[in-house]
Every structure is written in C-alpha cells, then in structure tokens.
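J.: For this one, chain C is given, so just place chain B on it according to the hints.
Residue numbers (the working numbering), protein chains in the order written: chain C, 9 to 120; chain B, 4 to 118.
Treat the hints as calculated values from the structure; they're not laboratory data.
Just so you know, nobody snuck in bad clues.
For lysine to any residue, the following SDA-like pairs were computed, each having C-alpha atoms within a straight-line distance of at most 20 angstroms:
1. B:Lys105 / C:Leu104
2. B:Lys52 / C:Trp105
3. B:Lys105 / C:Ile63
4. B:Lys64 / B:Arg115
5. B:Lys52 / C:Leu104
6. B:Lys105 / C:Asp65
7. C:Lys32 / B:Gln45
Only a predicted model underlies this, so the values are computations on that prediction, with no experimental measurement involved.
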Amino acid sequence: DAGVIQSPRHEVTEMGQEVTLRCKPISGHDYLFWYRQTMMRGLELLIYFNNNVPIDDSGMPEDRFSAKMPNASFSTLKIQPSEPRDSAVYFCASSLWSYEQYFGPGTRLTVT
Amino acid sequence: AQSVTQPDIHITVSEGASLELRCNYSYGATPYLFWYVQSPGQGLQLLLKYFSGDTLVQGIKGFEAEFKRSQSSFNLRKPSVHWSDAAEYFCAVGPPMEYGNKLVFGAGTILRVKS
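In isolation and in its complexed conformation, chain C is listed as follows (with noise of 0.2 angstroms):
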C-alpha cells in the first residue's frame, strides 16, 4: 500500500494567493482528517470527513480555509486568500475507524 499521499510537499506562496492542498487517503479507508502543525500551537485538527461527508470543521481557523472531499479518493484543502500566519506543515490522515490515524508525509507552507 502507497500510503496517505499528499501534494505538493512544500509550497512557498506570497500572501493573497490562493493555496490547495491534494490528499489521497489510504485505499478503503472511509475518513479522512486534515490537520495543521506549528511550533507555538502544536498539532490541531483542523476538519474531518466520513464516507465523504464533512463532519466537523469547528477546527477550521477562518473563512479563508474550506475543503472537500469530492470522492473517496481525493480531498483538498483550500487557503483563499493565504496569509503569513498560515504557515505551517499539513497533514492528511486516513483511518477505517475514527482513532486509528494513518499520516501522509504532510506539506510545508511558507506565506511570504
């Protein structure tokens, strides 16, 4: 099995761009997580999906970030418009059930 995939694995932007980060969960797996990482406030979950299904986004900072998950195979997590503050490392994370947590290799934002 490839794993959790997620693209791009680094991506630098200057402030105002619009941001999307791709997830390709494990293979059967039926939820998905997106999660944000820095130094000052650790790991956060920022939304979840089941079978497709947004489930709860209250992790989710603004209005600026939204995601989907359009088919079982693919999800996004779009920044519109970025700022410097988010920058972080983003993860994707697939399960069979909600606790046991399988992470792609997560992608580094630089907002300049």
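T.: Leaving out everything else, chain B in the frame of chain C:
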C-alpha cells in the same frame, strides 16, 4: 477537563540505554491508546496501539508500551535506544464516545540520543 499529558518536553538518553516516555490521560473509562513517532520533516508514524486485553503491547522498531489502569498511564519503552530513534513522540488517546470521537494528542516529547 479531559486531557492527555506528556510530562517531559525533552528527554536525552545515551545510545544503548533504556528509554521510557510517559503519558497520562484523564478520562473516566479506558480509552483507546496510541503512540506515534515523528522524525524531522516526516509525518506521524503509528508505533503501537492498545484497545483491550494484554496490558503490555508490542509495536514496531522494538518499542513496547504498558497500560496501567490504576495510574491512567500508557508509557512507551525501549530497552536499548539507537541513534535513529531521535525524533518526537506523541501519545494519543481515542476517548470514550461520551467525550467525542476525535483523537486527542499529547504535546509531544522530543527524544535526543547522544553517542
């Protein structure tokens, strides 16, 4: 409030020495318990998990963890540390359903290995 605590922010051990990383949780019932490891620039990798049964669980990379109900703890151990074990370790708890169904992570412990 319900929480997961990793009391040690940093730990330094000599290569070949034994290791124990502490994790405590505060939930009334026994939750699901996990340990993850994150090497620099990498994602989190699942080391081991406890759901029920034998309180000593074996994981990958020679790690083990022991669940102690009386102490609400799930400490991670390794008998002999290798330099490649230097990483950050996260304890995670899947709480009983009445507390929600989101995995709760500890703040992490950074392990340094000196030669």
